[in-house]
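Listed in order, the protein sequences are those of chains A and B. Numbering of the first sequence is given in the numbering used here, commencing with residue 1 and proceeding in unit increments. Numbering of the second sequence is given in the numbering used here, commencing with residue 1 and proceeding in unit increments.
Accuracy of the hints is not assured; some may be wrong.
Remember, identical chains collapse to one label, so a pair may be satisfied in a single copy or spanning two.
As the list claims (entries may be wrong) - The calculated SDA-like cross-link candidates involving lysine to any residue, where the alpha carbons are at most 20 angstroms apart (straight line), are: (1) K110 x G140; (2) K110 x Y28; (3) K110 x H66; (4) K110 x C17; (5) K181 x Q41; (6) K181 x M123; (7) K110 x C130; (8) K110 x D131; (9) K181 x T22; (10) K110 x F84; (11) K110 x S190; (12) K181 x C58; (13) K110 x R33; (14) K181 x R97; (15) K181 x S153; (16) K181 x R32; (17) K110 x G124; (18) K110 x S188; (19) K181 x E120; (20) K110 x E128.
It is worth saying that the hints were derived from the structure and are not from the lab.
Number of protein chains: 2
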Amino acid sequence: FYRLIDSNLLPHDRSVCAPQITVYDQEYFQGRRMEFTACCQNIMECGMENIRSLKVECGAWVGYEHSSFCGQQFVLEKGDYPRFEAYSGSNSYRIERMISFRPICCANHKESRMTIFEMENMMGRQFELCDDYPSLQAMGWMNNEVGSMQIHSGAFVCYQYPGYRGHQYIMECDCHGGEYKCYREFGSHSQTPQIQSIRRIQH
Amino acid sequence: FYRLIDSNLLPHDRSVCAPQITVYDQEYFQGRRMEFTACCQNIMECGMENIRSLKVECGAWVGYEHSSFCGQQFVLEKGDYPRFEAYSGSNSYRIERMISFRPICCANHKESRMTIFEMENMMGRQFELCDDYPSLQAMGWMNNEVGSMQIHSGAFVCYQYPGYRGHQYIMECDCHGGEYKCYREFGSHSQTPQIQSIRRIQH
């Protein structure tokens with residue numbers, strides 16, 4: 001999936017391509033290999049015990065710790081992930097499992113837009129986001145928590161810590177009607193409303 | 001350091017403020033506490049054995065695994081970092097040390113601009129970057145490596161894996177004259193030219 005670029009300025013290439021991911025049951029792209037162009041609810045049903053490396057060929061995907069899109073989640077964008085550490089992102093749980101995954105269909109929205117709220121159920125102070133924010137507090141948000149969120153268009157990934165670190169929560173306008181009314185709806189593994197950085201997911 | 005924002009749109013607040021960081025020798029902002037407004041070459045010389053949590057009050061900073069700004073490096077933006085995992089970012093080395101740190105002075109450039117090159121010594125195919133790129137390959141870059149870089153203005157953080165994961169390399173126009181001619185100059189811990197995501201550092 002090599003593309004020649006003539007321009008000297010690296011473009012934001014938003015051309016639509018069919019989602020494609022290649023997974024391997026050993027590190028560094030070794031062992032058994034399978035290609036997917038749609039969601040996989042349980043890699044073990046495909047005869048693979050676990051995924052130990054992967055390449056995203058096209059599109060943006062979400063990987064999950066457990067089957068049926070449960071447990072810790074992590075965004076996967078185009079590129080090479082030779083080991084677990086490359087995609088798990090957070091070392092709090094030391095996840096070494098990725099059992100299900102799916103493409104993020106609304107990641108190719110031209111414009112991503114969401115509102116964050118200070119309190120649950122879309123209450124309290126609110127701000128609209130349409131960019132990438134490595135530190136919400138640097139941008140004027142009052143503390144290290146977000147009470148609830150509404151995704152108007154596109155998809156975002158929210159992180160527990162500044163600089164895109166820690167637990168990830170993938171938020172999409174196509175899921176829950178884009179409404180995340182309290183931190184328990186952020187993800188099946190979410191334990192606190194702590195969110196300190198947020199960015200768009202695009203491909 | 002609370003700021004009231006009246007606008008409903010969360011602004012990119014680039015107002016200059018004096019860099020300030022508070023470090024603690026225990027997790028969750030407990031134990032001995034020290035405030036800094038400039039670089040610290042060796043926290044042990046301040047009588048602190050290690051840093052186990054921190055708050056960036058203002059500015060963008062770099063933390064280092066060893067004294068005198070050596071070893072693994074990681075960008076620290078405004079916010080709360082209650083544990084090691086919150087700032088180390090990568091779990092490849094399982095660093096549990098942050099011994100020196102300094103503010104990134106050129107992070108308040110209005111416009112950050114850099115050029116990445118396919119090969120060492122600014123050779124081969126090249127692209128100019130002035131935005132955030134969670135996946136260089138999604139933007140048209142040919143592979144998972146960058147041979148050399150020139151920082152024209154501002155500061156960037158380069159990551160080993162897509163989605164701002166893995167080893168970090170802080171690149172500044174004020175260091176090395178902005179020139180990073182081969183991967184050994186990316187950082188004192190760099191072992192490969194593997195770089196798959198890059199973003200600006202701003203505050």
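Tested hints:
no., hint, in the structure
1, K110 x G140, "between (26 angstroms within a copy, 18 angstroms between copies)"
2, K110 x Y28, "neither (34 angstroms within a copy, 40 angstroms between copies)"
3, K110 x H66, "neither (31 angstroms within a copy, 43 angstroms between copies)"
4, K110 x C17, "within (15 angstroms within a copy, 34 angstroms between copies)"
5, K181 x Q41, "neither (26 angstroms within a copy, 45 angstroms between copies)"
6, K181 x M123, "within (9 angstroms within a copy, 51 angstroms between copies)"
7, K110 x C130, "both (11 angstroms within a copy, 19 angstroms between copies)"
8, K110 x D131, "both (12 angstroms within a copy, 16 angstroms between copies)"
9, K181 x T22, "neither (34 angstroms within a copy, 33 angstroms between copies)"
10, K110 x F84, "neither (31 angstroms within a copy, 36 angstroms between copies)"
11, K110 x S190, "neither (29 angstroms within a copy, 36 angstroms between copies)"
12, K181 x C58, "neither (31 angstroms within a copy, 31 angstroms between copies)"
13, K110 x R33, "neither (33 angstroms within a copy, 46 angstroms between copies)"
14, K181 x R97, "neither (28 angstroms within a copy, 37 angstroms between copies)"
15, K181 x S153, "within (17 angstroms within a copy, 41 angstroms between copies)"
16, K181 x R32, "neither (41 angstroms within a copy, 38 angstroms between copies)"
17, K110 x G124, "neither (29 angstroms within a copy, 32 angstroms between copies)"
18, K110 x S188, "neither (28 angstroms within a copy, 39 angstroms between copies)"
19, K181 x E120, "within (6 angstroms within a copy, 50 angstroms between copies)"
20, K110 x E128, "within (16 angstroms within a copy, 22 angstroms between copies)"
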